[in-house]
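> Can you make the complete structure from the sequences, with help from the hints?
Take a look at the letters that make up each chain.
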Amino acid sequence: NAGVTQTPKFQVLKTGQSMTLQCAQDMNHEYMSWYRQDPGMGLRLIHYSVGAGITDQGEVPNGYNVSRSTTEDFPLRLLSAAPSQTSVYFCASSYAPWDRVAKNIQYFGAGTRLSVL
Amino acid sequence: GQQLNQSPQSMFIQEGEDVSMNCTSSSIFNTWLWYKQDPGEGPVLLIALYKAGELTSNGRLTAQFGITRKDSFLNISASIPSDVGIYFCAGQDGYNFNKFYFGSGTKLNVKP
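Chains as they are written, first to last, in this note's numbering: chain A, 155 to 271; chain B, 2 to 113.
Hints are supplied without guarantee of correctness; some may be wrong.
[Said to hold, decoys possible] Using 16 Å as the maximum straight-line C-alpha spacing, the simulated EDC-like pairs for lysine to aspartate or glutamate come out as follows: (1) B:112 with B:84; (2) B:52 with B:72; (3) B:112 with B:18; (4) B:52 with B:84; (5) A:163 with B:94; (6) B:112 with B:42; (7) B:52 with A:192; (8) B:71 with B:94; (9) B:108 with A:253.
I should point out that these hints are in silico values taken from the structure, not numbers from a laboratory.
In structure tokens form, the structure reads like this:
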């Protein structure tokens, strides 16, 4: 099992460029999510998905789009990158958070470090 | 969104000492979680708490889910150098189970 795989590990963009951060999991988890982590701050939820075809906004969704066409993949798109989006991005997956039996163990990827100049 | 206050921000302790950190929130949480993050890695779950009042241990780590559902603490006993890292609390929203909020972290330094 690879767990949660994020690509790329590092990326530098110019303001206005677009890009897609990839996230894949091989644990058949229903729930997937994207967070950003800024210096001195905790992780903040950007978007999440509770299954293929179902996505919703988190705490800081502006400037980001997501889609979930398969259980395994949950890409995060920056349509027009801005310097304020310079951050470390983490993808996570787990079984259904609403299912107490499943126990909310979220597995995180190693992160993508993004700089927007 | 939810306000989650984690303290202290950082700690410098001697190997063998006990450590305590806590989190409080502005609203109730359904679940409290404690994570550790090493440099260049994603957070790894240490302890999960599912019920108000619950006290759970994982080796030298002990955590409690506050009775009010708005707070939690984590204790580490007899610290060792590999405990160095950033510890985060996180809570599952009490009204929308799909949303999780993280504290700003406690950076732990352990002197051998």
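> State for each hint whether it applies.
Structure-based check of all given hints:
Our distance criterion of 16 Å between C-alpha atoms is met by residue 112 of chain B and residue 84 of chain B, whose separation comes to about 10 Å. Among the hinted pairs, residue 52 of chain B with residue 72 of chain B is consistent with the structure: their alpha-carbon atoms are about 12 Å apart, no more than 16 Å. A hinted pair counts as satisfied when its Cα atoms are at most 16 Å apart, and residue 112 of chain B with residue 18 of chain B qualifies at roughly 10 Å. Between residue 52 of chain B and residue 84 of chain B the alpha-carbon distance is near 26 Å, which puts this suggested pair outside the 16 Å criterion.
Between the alpha carbons of residue 163 of chain A and residue 94 of chain B the distance comes to roughly 30 Å, so the proposed pair goes past 16 Å and is violated. Under the criterion of a C-alpha separation no larger than 16 Å, the hint pairing residue 112 of chain B with residue 42 of chain B is inconsistent with the structure, at around 22 Å. Pair hint residue 52 of chain B plus residue 192 of chain A does not hold up; C-alpha atoms about 30 Å apart against a cutoff of 16 Å. Restraint check: the Cα-Cα separation between residue 71 of chain B and residue 94 of chain B comes to about 11 Å, which is no more than 16 Å; the hinted pair holds.
The straight-line distance between the Cα atoms of residue 108 of chain B and residue 253 of chain A is roughly 32 Å, outside the 16 Å bound, and the hint therefore fails.
In the structure shown, a violation is registered for the earlier hints numbered 4, 5, 6, 7 and 9, in ascending order.
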